[in-house]
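For reference, the chains in residue letters:
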Amino acid sequence: MNNTKNNKIKDKRAFNLKLLSIGSVIILLVIILASNILFDKLLGKPLTFDFSMFGRYSITQKTQEVIDKIPEGTTVRIVGLYDVPDNLENSVLEYTKPLLDAYDAYGGDRLTVEYIDPKTYPSIISQLDPSGANDLKENVYVVKYGDNLKVINPKKDCFNFDSQAAMYGYEILTANLVEYTFTNAVNNLLTGFTKHAYFITGLQEDNSTQIKAVLSSMGCDSKDLPVSDDLTIPEDCDILFLNGINTDIPERLQTQLVSYIEGGGNVIIAVNYYANTTEPYEKLNTALDKINIKIDSYVIQENNADYVLGSNNFQYLVDVADDFKDFSSKDQLYSGFARPVRTTDSAVSYVSTYPVLTTSDKASAVVLTDDGQLDLVNEGQYNVGMFATFNEGDVRPQVYVFGTTDLTSDDFISNYSFSHQNVEFIRSCFRNMLNIAAADEVDVPAVAIEDFSIDSERAASSSVTVMALIFVAVIPLALIIVATVVYTRRKHL
Amino acid sequence: MQAIFKREFLSYFRNPTGYVAIALFSFISGVFFIMQVSQGQVEIASEVTSLRSFFIVIVPIVTMGLFSEDRKRGTDVIYYANPITMFDVVMGKFLAAMSLFFIMFINVFIHMIATKILGGKVGVGSWGTVIVFFFLAALFVAIGCLASAITDSQIISAIVCFVFILIIQLISTLSSLLNTAVTTLLTKMNVGSEQASSIGSALENGINWLDPFTKTKDFRYGSFSVAPLIFCISMAIFFLYLTYRLLEKKRWSQS
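Those sequence lines, one after another, are chains Y and S. Following our numbering, the numbering of the first sequence begins with 9 at its first residue and continues without gaps. Following our numbering, the numbering of the second sequence begins with 98 at its first residue and continues without gaps.
Chain S on its own, in the form it takes in the complex (with noise of 0.2 Å):
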């Protein structure tokens, strides 16, 4: 696992993406920073949530290439052929994206201490969004790997992952807009309009159980919860996993 962790890591920065995806993060966080010390208020926690919104950009950029790059030059018979396990491949890979998300992350870090320097608060909510931040990224990335192992196409790749993402993204909207529609429908059937409302307020409730982002809210405010980190990292390891059978599966249409 190590050397293939060291070299997708190194791989990085011997191509223009991992660059490209630093600058990009860079520049956005340095926005949102310099915005808010323009208005004598810096809540880094608020720039943290704002960074959270340009997943649906920065992860495909990411992880595009994880997989589907080997499969089009056909280095992945590499892993078929050593003596390693379709585990370490993953996670290998997996790792090195989250290392790159770490490096891109020490901007922030920077503003946290430029923030100091100027006299503002680094709160306890700060930091809370920063684990957050961190948790997020594990389950994009897991989701970026899985898009990854499906093509050899790295656009289609990054493609896949941004819808995945942009789903996950609007799903307290899409299940705003189911609520409205099986009530609505259920009201047409002659069902009692605030037992229609029950209906879709529970479907509405239930799609929103699987948002991410609604779940690890309250930690920007010092509230600390461990069953969202536990469920985004159950649902990494779902995509993870989901990724390691696909390569098994092609381990063994390879043989």
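Looking at chain Y on its own, in the form it has when it is part of the complex (with noise of 0.2 Å):
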């Protein structure tokens, strides 16, 4: 009887027990998750600190003040066309998604961002792009504001590339311009596009890609113009660029640059001696004699060895004109394989020419001759870059020719990317031409991307060799040797 009660009082006791240990453990499980989704509900975002180099998944002030712009009410939808990979490690996301995300906390209901699948959600082309005009695909970022809508590619708009290492087929990022894309991707659909670009092409011109993106940045639409028997310059065109043309333009659109410039266009022209040293350039030098300007045949050589960059003469520093030295922070800019820029003997008297990037006063132009030998022409100071306007009339045109591509070429610019001091010396001549004041514009800085490289000089291959030797195996080895010598000794005890 006792032994039955005994037995009893155990087994309640040890169902309680029990009861305890499954309670007690269902209830912590509870309790862990329910406080972590709740935490990082609540406190996951503020208490994430950006320690990354240049704060690269954090959205500067700018930003800030563009989402800010948006009206209550309305939403600015940047939708990503993914299927995100759970791992983003060496995607292109893996700058742009966290970034995005920072944009998506900042923007409350004015700025969303949304990944969708449109091989999930069929519906979402249509939605976004109902006339099909933009002809969507997956892999895109499309960023929407009412019915208008900018298509980012994730790869090409949002970085900048090494342009030798591409050549060779590999991919070398230089800057990262996920904010500076997106900000002003927003920032021009809540203005709207109201100036508008023009590229001459069809004169194995060089691409102009990152120029564009540049005036896309200022609010400045870009469009290209082939030459043709029929071409006209739209009555539209704010900026006329003829940008890294190598050969000399027809004679239609000769006349046509003059007619626009004398009509108070405005005109870049940007040429060098390298892409093309045999070409003289005449009609385009007939158009620019009528703004006393002339573009020479020749490549100046930079003898000063305080201005020449490395160790080529024809790569140098070139000094900014006294009337252009609050166009950049800097004041010199880089140029390489210039041609001269001078005003022409028979000067226009209601021209006035201004020089606005300068060699020092031991430049030389050197002639390329007919059996491939250099000829010196004469030493002194050359004008890389000059600038022409009337003086007198209601017509002011803005005309800048510059005897380098070094403030306008793809190459250059995806080699030292959009912080530059030759960008920020082209935008503001762009500011000047479009009046834009300088508050109004965006200016997203590019940010540099980390760069882990190592000494090769102190991690030469003997030194390799010898890490490798030790981390290896040495240290490996001698662990496993005291292993196995504590384990023998060990064994019998």
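Each hint should be verified, as a subset may be incorrect.
Derived, one-sided and incomplete: chain S residues facing chain Y with beta-carbon distance under 7 Å [claimed, not checked]:
(1) 119
(2) 321
(3) 335
Among the chain S residues that face chain Y by a calculated CB cut under 7 Å, a handful are [said to hold, decoys possible]:
(4) 134
(5) 136
(6) 138
(7) 215
(8) 217
(9) 218
(10) 289
(11) 293
(12) 294
(13) 320
(14) 322
(15) 323
(16) 327
(17) 328
(18) 330
(19) 331
The calculated DSBU-like cross-link candidates involving lysine-lysine, where the alpha carbons are at most 35 Å apart (straight line), are [as the list claims (entries may be wrong)]:
(20) Y:203 - Y:291
(21) S:218 - Y:499
(22) Y:203 - Y:145
(23) Y:499 - S:169
Don't read these hints as lab results, they were simulated from the structure. The beta-carbon is built from N, C-alpha and C at its ideal position, and this holds for glycine as well.
Build the complex: two chains, separate frames, hints provided.
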């Protein structure tokens, strides 16, 4: 009787203990999960700190100002047409997604960031672009405001790449433009594109993708204008660009150019010597003659060691002329394989010309002779860039002529990115031509890419071999030997 | 707790386990480091992130004997017979295993110094991955403690721990497969394709929320968040509590 009673008490005690064990474990699990979910929702974002190099996951004050400009009751949608991979490492989204999360967190109802895979949700394409005009495909971002949208390629539009490495098939990032691109896209959709730049094409010109991106960031839309027999410069053209042209302009363009300038148009011309050493640009010079400017058929060699960049006398610093000092934060810009730009001998009285970029007074012009030899012409100061305008009448055209393409070429901007003083300078030129107040412009800086390179001299192959030996062989083997000794000595204990 | 910690920590070096674990870690981290040096770019964050994949091998080695060895030899009776709490036992052993991880990690600190000597950079992201490494190690060592407490066989304990960590490492893959399966099933049941995808995605996201690797991935880029660290620590506490309850149960059953 007593045994049965004791067993019952024991069973009850065991049951209670089991209940306590299981109950406490379940309660703890529920508390842990609930508190984690709550913490994640309420404090997850506020307690996230961006210590990254260059703060690449934080939006700048400029972006916050643009988001603040979005009118109440309206929403800018940023839609990534993506199936977001679990591991962002080594994908273009590695930089983009975390930063856009910061846009989303700041934007609230006014700016949202979503990821919708069009393979899973095909209707998203027609929802974003009902007319189908933009031919939306997966793996791009769409920024939509009202009926307008802008498509952003997360690779091409959001990064600068080293152009030389690209020639060998390598992709080396030189700058992160994610914030630059998205903030400008949002700003442009809010304000609308009001200015238009036209790029003359069909003259073996260099690509102008990067400079178009710079213009786009200033609210200026870019279009190509192919040369043809019936070429007409459109009425809405705010800037006409002849960027890196490698052959002379045709007669039709010559006459159009003259009448465009005489009508008060804005023109930027950039050529160099490197791409076409024999081209004298006769027709272009005939047109420029109307504004007292001529591009020479020489290449400038800088002989002042303080100006020369590296070991190449054809790549050097040029001084920004006094009248244009406020165009750049630095007094000198980069220039390479530049042709001299000078005033013509038969000056037109109503035209004023100004030097913009000048070499040192020890530079010389070099002519490549027929037998391939270099022939020094004159030592002295040369202009690498000039500006011309009319000094009387109501019409005031603005014409910049550069003998270098280092301010506008894709190669240069890709390698040095948008924060370089050359780009800063050309932005100021645009600003002057387009009458944009600096305060109205969204100047989001390009972010540098972290460089984890090691010093190749210190990491010579001999020292790498020694290190490999120590880290991969000596240390592990020594530990294994110690383990064997310990095992042998203690196995009988 | 101090006595348990000391006994357990020294036991790693009284048998080959500690040396083998450190040797293995040295070798793997050394290979990752030298590979980067030979490519002319050293990112310590990348090395530490890669090392996290080897938790699946190293954690079972380190934790398999924590409790199972005592049970096998019968020395666990000492804990029950002495005036110490099971909490002290669990924490002492847990901290001993974590200390061994710290010693292993000295390799990476040496690599950091070597990187600086070679003119490279040890960025904020590298320190982020170091922090995450120890929080994840705490979580997995806690799982290892539980695995060791449920059996008196070191091999079974190691296998259980291995499977646990494998499941955690494959959470995102498994959730993705589950998403596909659920979406396909619902579509076949005549649920609208976009609705089926939404349900599948919600399920996937829900399961992915439990993935500590995904939660902590931004640390390597210098974006530090408190929530994932709290998640790792709270889950570690949960597994340690489970271990504690198991030992408590045994204590009562012994008495």
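So, residue 294 (chain S) near chain Y? Judge it on the closest CB pair being under 7 Å. The hint holds - residue 294 (chain S) has a Cβ within 7 Å of chain Y, the shortest such distance being about 5 Å.
Residue 134 (chain S) as an interface hint toward chain Y, with CB separation required under 7 Å: For residue 134 (chain S), the interface hint holds, since the closest Cβ of chain Y sits about 5 Å away, which is under 7 Å.
Does residue 328 (chain S) hold up as a contact with chain Y if the rule is Cβ-Cβ below 7 Å? At 5 Å from the nearest chain Y Cβ, residue 328 (chain S) passes the 7 Å test, so the hint holds.
Should the interface hint for residue 217 (chain S) be scored as holding, given a Cβ-Cβ cut-off of 7 Å against chain Y? holds, 4 Å
Status of the hint placing residue 331 (chain S) at chain Y (closest C-beta pair under 7 Å): Interface hint status for residue 331 (chain S): holds (5 Å vs cutoff 7 Å).
Are residue 138 (chain S) and chain Y close enough, Cβ to Cβ, to be under 7 Å, as the hint says? holds, 5 Å
Does the nearest C-beta of chain Y fall within a distance shorter than 7 Å of the C-beta of residue 323 (chain S)? It holds, given that the least Cβ distance between residue 323 (chain S) and chain Y is near 4 Å, below 7 Å.
Residue 335 (chain S) was flagged as interface toward chain Y. Is the shortest Cβ-Cβ separation under 7 Å? It holds, given that the least Cβ distance between residue 335 (chain S) and chain Y is near 5 Å, below 7 Å.
Hint check: is the beta carbon of residue 322 (chain S) less than 7 Å from a beta carbon of chain Y? Hint on residue 322 (chain S): holds, closest Cβ of chain Y at ~4 Å, below 7 Å.
Report holds or violated for the interface hint on residue 320 (chain S), using the least CB-CB distance to chain Y and a cut-off of 7 Å. Because about 5 Å separates residue 320 (chain S) from the closest Cβ in chain Y, which is inside the 7 Å limit, the hint holds.
Close enough to count: is the Cβ of residue 218 (chain S) nearer than 7 Å to one in chain Y? holds, 6 Å
Interface hint for residue 330 (chain S), Cβ within 7 Å of any Cβ on chain Y: violated, 10 Å
Of the numbered hints stated above, those contradicted by the structure are hints 5, 10, 11, 18 and 21, listed in ascending order.
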